[in-house]
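K.L.:
Input sequences plus hints: build the corresponding full structure.
Protein chains: 2
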Amino acid sequence: MAFKIGLLGLGTVGAGTAEILLNPEGRHPLLQDITIEQVGVKSLDKKRSIELPTEILTTDLEAIVTNPDIDIVVELIGGLEPARSLILKAIEHGKHVVTANKAVMARFAPEIYEAANKAKVYVLLEAAVGGGIPIVEPLKQSLGANRFENIIGIVNGTTNYILTQMTQNGVDFEEVLKEAQALGYAEADPTADVGGLDAADKISILASLAFGGKVKREDVYCEGITKITSSDISYAEKLGFVIKLLAIAHKLPQSEPEKLQLRVHPTFVPKSHPLANINGVNNAILVEGQPLGQVMFYGPGAGSGPTASAVVADIMNIVGVLYSNNKAEKLDPLLSCSPQNYCLVSPIEDVYTRFYTRFLCADVPGVIGHLGMAFGEHDVSLESVVQIGFQGELAEIVVVTHKVREGNFRSAIEEIQSLNAIKNIPSIIRVL
Amino acid sequence: MAFKIGLLGLGTVGAGTAEILLNPEGRHPLLQDITIEQVGVKSLDKKRSIELPTEILTTDLEAIVTNPDIDIVVELIGGLEPARSLILKAIEHGKHVVTANKAVMARFAPEIYEAANKAKVYVLLEAAVGGGIPIVEPLKQSLGANRFENIIGIVNGTTNYILTQMTQNGVDFEEVLKEAQALGYAEADPTADVGGLDAADKISILASLAFGGKVKREDVYCEGITKITSSDISYAEKLGFVIKLLAIAHKLPQSEPEKLQLRVHPTFVPKSHPLANINGVNNAILVEGQPLGQVMFYGPGAGSGPTASAVVADIMNIVGVLYSNNKAEKLDPLLSCSPQNYCLVSPIEDVYTRFYTRFLCADVPGVIGHLGMAFGEHDVSLESVVQIGFQGELAEIVVVTHKVREGNFRSAIEEIQSLNAIKNIPSIIRVL
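For the protein sequence lines, the chains are U and W, in the order given. With our numbering applied, the first sequence corresponds to residues -5 to 426, in that order. With our numbering applied, the second sequence corresponds to residues -5 to 426, in that order.
Quick caveat, the hints were computed from the structure, so don't treat them as lab data. From a predicted model like this one, the values you see are computed outputs, not experimental measurements. Some clues are possibly wrong.
Just so you know, same-sequence chains aren't split out, so a pair can sit in one copy or run between any two.
Restricting the straight-line Cα-Cα distance to at most 30 Å, the calculated cross-link-like pairs of lysine-lysine (DSSO-like) are [what the hints assert, rightly or not]: (1) Lys210 / Lys221; (2) Lys210 / Lys114; (3) Lys172 / Lys36; (4) Lys172 / Lys40; (5) Lys397 / Lys253; (6) Lys(-2) / Lys36; (7) Lys41 / Lys(-2); (8) Lys(-2) / Lys114; (9) Lys324 / Lys(-2); (10) Lys324 / Lys114; (11) Lys265 / Lys232; (12) Lys397 / Lys265; (13) Lys114 / Lys208.
P.N.:
Here you go:
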């Protein structure tokens, strides 16, 4: 039996995917039954690292998604359009879809799954989160017996590389960013990565899978790493933490109806925490649930080979199902997705967390007293207040709170900002 | 649609499994379609933590595996017999099988898979390795695009707990073992765990999955942790290592026909290695392949809840397939297993590895010279030779070799043992 693939895009991941499919030896035998029927590219003239018969290349992507010979369309062009329309058209024409497109799936999953369920085809997206790390299918197929409580991930390799470099070499953000751009770890316009937007796409996908509801992408609170300074990194170190950009989906206990917290922000992570040791461009996703406890998935979060490994896994999963059962009247409910209602998301003000805050203030008596009073008035209790030293004429005070309601903390900060002695609050970072 | 389970065994994992199936709220909706039809127990009178209608309990396990109403038999009684026969009989009667039985699957997988493929039923075993950690299904379904090179796992929680305690508290093996037995982390007869036999069962299962061949359990070289002393732990620490019991399946590069190394032994693991930080009863499995690179799966390797999570995952996987396709003529080749030939396993003498060795010798001049000569004659080159101190009248010398052929190293050690000055070689430990 031969199963035919239509590949949209032959960039880094597309070429990696073709490379695997063209060289099945030594891999799972099922790969020998999979052939590349057509490949959609921007330009036919471009030099490529991979040799493909020229007659299967085309610039007509529509022709691929409507080609009656093709069983599975693999969308690797990225971006919102025409990716979304091509996916929907492929579904409409009865193709199964494999995509690595986190931007599309974070925004249009409900529309896409609805169409797919109607057409009785699968849409798989292992490569959209965590690169080569199996996380999407394990969440769907291996962990479904659990009541999920937390998904906490380092899901953006660029920012993890930058924070790791800042931590290990004491270098400032801007400098590491330039270096990361030179190495190809960060894009020319790094906003999606360093602003946390990419991580927010990914956590909304994982949250939807784990909690079985639709997630509105705009419900994810999102803060990037651009304001993290080497001072913060070094205070974190002294206090027993490392700073990581975490993407968090947390189910509020005893919420009725069920409510989630969805947020992406730099976080003080205790050095003993499993996520604290995830360095460089690696990703890791921690899943907590009952009765499972805590499991963690770790590996390369990006790159041609790892991401292609995930893309081909999805292709094989679909081919495995088709092989045993080409004309099923129902989809396998573990491989398909039918999120029903939108998840209720609790506002960031209702998050309970610890905060690290750094203040620059005039070196006058009573400042710490004023700070403590203002926090106390808003029910923010403090774990530690330390005057660390001076930046020029200003005293630098670092405060770590106990677990407090974020709304209360914000009110306290607002009041503190109006204090005469407080000149600046350069850093507010949540603590895991 | 309701799918009916026959549960063999209502011990720790059996009770955990029933607990999940009886309380589907907040878990994957598919669980609502699964009911427990019968439960096989040793005694009907025993007090149990879980409430089940007495009419579904039976001591007649045969009646369960032949019950025409049952779709899936879940074998959780452990041990070789009657587990093996019951699994085979269930298959013969057209039941799908879920098992947590590593001992049976490490020894009888070829027979069981052959019967299952003939009867067109699935035999899933996620819970047999790594407790709650998804590793079996990810290997089968998520990583199949890769050419596997290494599976390296900490797959036995008991020994990892003991080694962690020895490392963190400087306590000797015997003392920690007693403590672990008191806590229920080690069994009264701890041989299977501390002797490495349990880990050997598990690595033979994983190797068979990753490398697609049958594995003879007796081909796994196996050394336990009973000889590890607190001296070794403290030398490891000084040299930048921690000692872990690793289970390793390694494909020899450029071997034709393909050859594997399969081995379980205590190992010096560099502190910076991802497996070095896996502590306590936790397990972790590192998978290396091309083009993936390295991924690691981490979590609770045992316990009622985590293991039950894996058991129910397998049940759900089968139910998902049955739901969409009750009368498939072929099995999904990703969910089923059809290992063809036996894997060729290279003898331990042909392993290339580094060695840490500790010698006790008379404090006479020239000992280090004699050691160095003997190693050199057998092509064993040394990375470091350090005289650490004294134990009584004897000098303690620690040698770390470069990567050498184990056969050569063994010949050198044999020669060294015959040297007059060498009184004892208390420790030989491989280095990762």
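K.L.:
Are the hints correct? Go through all of them and say.
P.N.:
Comparing the hints with the structure gives:
1. Lys210 / Lys221: Result: close within a single copy only, 26 Å intra versus 57 Å inter.
2. Lys210 / Lys114: Within one copy only: 24 Å inside a chain, 42 Å across chains, cut-off 30 Å.
3. Lys172 / Lys36: within (29 Å within a copy, 67 Å between copies)
4. Lys172 / Lys40: Classified as within; 28 Å inside a copy, 68 Å across copies.
5. Lys397 / Lys253: Answer is within; shortest intra-copy Cα gap is 19 Å, inter-copy 55 Å.
6. Lys(-2) / Lys36: within (21 Å within a copy, 52 Å between copies)
7. Lys41 / Lys(-2): Cα proximity of Lys41 and Lys(-2): one copy only (25 Å, versus 57 Å across).
8. Lys(-2) / Lys114: both (18 Å within a copy, 26 Å between copies)
9. Lys324 / Lys(-2): both (22 Å within a copy, 20 Å between copies)
10. Lys324 / Lys114: For Lys324 and Lys114, both the intra-copy (7 Å) and inter-copy (20 Å) Cα distances are at most 30 Å.
11. Lys265 / Lys232: both (11 Å within a copy, 21 Å between copies)
12. Lys397 / Lys265: Result: close within a single copy only, 18 Å intra versus 33 Å inter.
13. Lys114 / Lys208: within (19 Å within a copy, 36 Å between copies)
In this structure, every one of the numbered hints holds.
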